[in-house]
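Visitor: Chain by chain, the residues:
There are 2 protein chains.
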Amino acid sequence: MDPQAAKTPSPPYYCVIFTSRRKPGIEDHYYDASARMLELASQMPGFLGIESARNPEGLGITVSYWESEEAIKNWRMHAEHLVVQKKGRDHFYEWYESRVGRVERAVSFKSEK
Amino acid sequence: MDPQAAKTPSPPYYCVIFTSRRKPGIEDHYYDASARMLELASQMPGFLGIESARNPEGLGITVSYWESEEAIKNWRMHAEHLVVQKKGRDHFYEWYESRVGRVERAVSFKSEK
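Residue numbers (the numbering used here), protein chains in the order written: chain L, 31 to 143; chain X, 31 to 143.
None of these hints come from the bench; they were simulated from the model.
Please note: incorrect hints may appear among the correct ones.
[Claimed, not checked] Derived lysine to aspartate or glutamate pairs resembling EDC-like cross-links, with alpha carbons at most 20 Å apart:
id : chain 1 : residue 1 : chain 2 : residue 2
1  : L       : 140       : X       : 32
2  : L       : 140       : X       : 87
3  : X       : 140       : L       : 120
One chain only, chain L, in its complex shape (with noise of 0.2 Å):
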């Protein structure tokens, strides 16, 4: 299994898909920042994953997976996320955009070479 990979259940499920372009200059407060949520994030009740990818000149993609519109809304409103929500407003992002959906069905696809 891919450690960078999401394992999710059958459908339906939830996701957050989290875009975002980074300024610069900001790397070592961001991956402090980042990991931290991450850890945190894992251990919220409805979490089902997280993947993230981003480019080099900055343009990001964070997709988390939970249970339930609730799980989604309580680790919105976490009290140490709410306070690296605006650290993210406030230093490390020049835009983002996040949205809410409901995953539907889901296909994957593993090489045999």
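Use these hints to put chain X onto chain L, whose structure you have.
Guide: Only chain X this time, still in chain L's reference frame:
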């Protein structure tokens, strides 16, 4: 407007979250196919936008946005796309997971600084 951001309308709309790990050493063929698929997808009826990020070590996330499930189906079944999907399984990807969802709400932020 950031050219790498998808400019989507108010929800609801649909998304395809395509997470993949690319095999090493196939960069040139992959970029050609990827650029062509981007061009093709953006001409499909119901296409709303696309966002893509890949970590240097090969984990990538591409999210495309669509007006309807019908539009997603038409894109999945497009003849040239089917050929590239097979090429992806045969050559490009160690694994992938493709998830189709319905985006229910979205929040955006733009820094003023």
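Visitor: Each hint needs a verdict: does it hold in this structure or not?
Guide: Against the structure, the hints come out as follows:
1. 140(L) / 32(X): 33 Å, violated
2. 140(L) / 87(X): 18 Å, holds
3. 140(X) / 120(L): 10 Å, holds
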